[in-house]
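Q: As a plain string of letters, each chain reads:
Protein chains: 2
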Amino acid sequence: MPLPDSSQYIPHLAFDSVVFGFSKGKLKILLMEYHATGWLALPGGFVKRDEDLENAVKRGLQERTGLEDVYLEQFHTFGTIDRFQPEVMKSILLASGAEVPEDYWMLDRFFSIGYYALLDHEKVTLTPDILSDSIAWYEVDQLPDLIFDHNKIVQKALQTLRENLDRKLIGGNLLPERFTMNELQAVYEAILGEKLRRTSFQRKMLSLDILERHEKLFTGKSHKAPYLYSFKP
Amino acid sequence: MPLPDSSQYIPHLAFDSVVFGFSKGKLKILLMEYHATGWLALPGGFVKRDEDLENAVKRGLQERTGLEDVYLEQFHTFGTIDRFQPEVMKSILLASGAEVPEDYWMLDRFFSIGYYALLDHEKVTLTPDILSDSIAWYEVDQLPDLIFDHNKIVQKALQTLRENLDRKLIGGNLLPERFTMNELQAVYEAILGEKLRRTSFQRKMLSLDILERHEKLFTGKSHKAPYLYSFKP
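Just so you know, the protein sequences line up as chains F and R, in that order.
The opening residue of the first sequence carries number 1 in the UniProt record's numbering; numbering runs sequentially from there.
The opening residue of the second sequence carries number 1 in the UniProt record's numbering; numbering runs sequentially from there.
Careful: at least some of the hints might be erroneous.
If several chains are the same, the list does not tell them apart, and a pair holds so long as it fits within one copy or across any two.
What the hints assert, rightly or not - The calculated lysine-lysine pairs, modelled on DSS-like cross-linking and capped at a C-alpha distance of 27 Å, are: (1) Lys-168 <-> Lys-156; (2) Lys-58 <-> Lys-152; (3) Lys-26 <-> Lys-204; (4) Lys-123 <-> Lys-232; (5) Lys-24 <-> Lys-123; (6) Lys-48 <-> Lys-156; (7) Lys-152 <-> Lys-24; (8) Lys-26 <-> Lys-58; (9) Lys-48 <-> Lys-90; (10) Lys-168 <-> Lys-204.
Since the hints were derived computationally from the structure, they do not count as laboratory data.
Chain F extracted, bound-state conformation (with noise of 0.2 Å):
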């Protein structure tokens, strides 16, 4: 398997990104598993040396998930000198099956830029990279251990997740276009980790004049039926 190329991407430097998804009333993210080794990570890349950085971190995503547009945003850059740890890269690109010279560019010191992704969960098709075996969903409340620190970059994203919420209204992002106030709810609900009161909520959303109201979501019990939402564009 040939192994990417140092010409072609600006060395020391990588994004890293996670992606947040909604199902079953739980937030969830991406994450890969390397070859062999069985570890995992943020699905993640580099930047082409022609390439801007946001263009970048898009194509990994539309790699990895098939979507081209999607809510993102850059969180923070990770920088710490003890993210240089040459041994895990080397066992991981090994367990690929490459030849890895001595001063491969991947093995040397990286700093990443972390994204967050927000999307639809029902509008992705997952495709694992050249060097894993699997890209699934797994709960953020119930996370695995990840290689370097990556777990700290996931609580970096979901704390910059949490203080956007309000202020960006960026929750519908996980949802399909039209939805329930309830599934709107449970969303928030999700990513603040806590069970907001009903009345409250509601009334707060549709004070903000965003959402715009359609026809009830017929479901056989009629007289329960909850209206349809949407954001307005």
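Please arrange chain R on chain F, whose structure you already have, making use of the hints.
A: Quick look at chain R alone, frame taken from chain F:
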């Protein structure tokens, strides 16, 4: 003049600091003026190969301001391809009287990690770096044109500072240890770019239970003397 050596620093990676101070009712930042060219830029620097990112930024600030312990926050990493302007950097280096090899590392594409700092204007001792004639305070409201995307970096820093102002209660870092309520209000007004109502500002600040009240500031007109406050530890 010897230029920084590529073997000491991580290539392609810089940091830029937006250093906020408050003086005479105005919010200001520090800018460096490069030799001969007259070009203005944010104070910044590079990360040593064996140095944590945040320590590099602190080192840079300490060299320019003399301060070791300042409020510092990372806000964004800038990585568009249009930042790559080797002729600009070459002019700056040549104007410093340096010999600049064609493949010199500082002429390559750079990503810049933006930090903002909040400090007490009165405590600063300004020192230019080897490429600069001067370093000085400039009013944020009346900034001149800066090199590269540095005007954009300042705007993004200011936006983040505004968004963080209430949540993190950081405005006080721009004041001396003891200050009057009017001085605190003036800082908030300068950051937000708008006038605040005195009574509601005061009520809100006192209700947060973060301020400690000290003796009055005696100015001669003792019947009008305002109280001094400090932030609770």
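Q: Look at each hint and say if it fits the structure.
A: Hint by hint, here is what the structure shows:
1. Lys-168 <-> Lys-156: For Lys-168 and Lys-156, both the intra-copy (17 Å) and inter-copy (16 Å) Cα distances are at most 27 Å.
2. Lys-58 <-> Lys-152: Result: close both inside a copy and across copies, 22 Å intra and 22 Å inter.
3. Lys-26 <-> Lys-204: within (23 Å within a copy, 37 Å between copies)
4. Lys-123 <-> Lys-232: within (21 Å within a copy, 49 Å between copies)
5. Lys-24 <-> Lys-123: within (15 Å within a copy, 55 Å between copies)
6. Lys-48 <-> Lys-156: So Lys-48 and Lys-156 pass the 27 Å test inside a copy (26 Å) and across (25 Å) alike.
7. Lys-152 <-> Lys-24: Close inside one copy (25 Å), not across copies (41 Å); limit 27 Å.
8. Lys-26 <-> Lys-58: within (25 Å within a copy, 40 Å between copies)
9. Lys-48 <-> Lys-90: both (22 Å within a copy, 23 Å between copies)
10. Lys-168 <-> Lys-204: Both ways: Lys-168 and Lys-204 sit 14 Å apart in one copy and 24 Å across, limit 27 Å.
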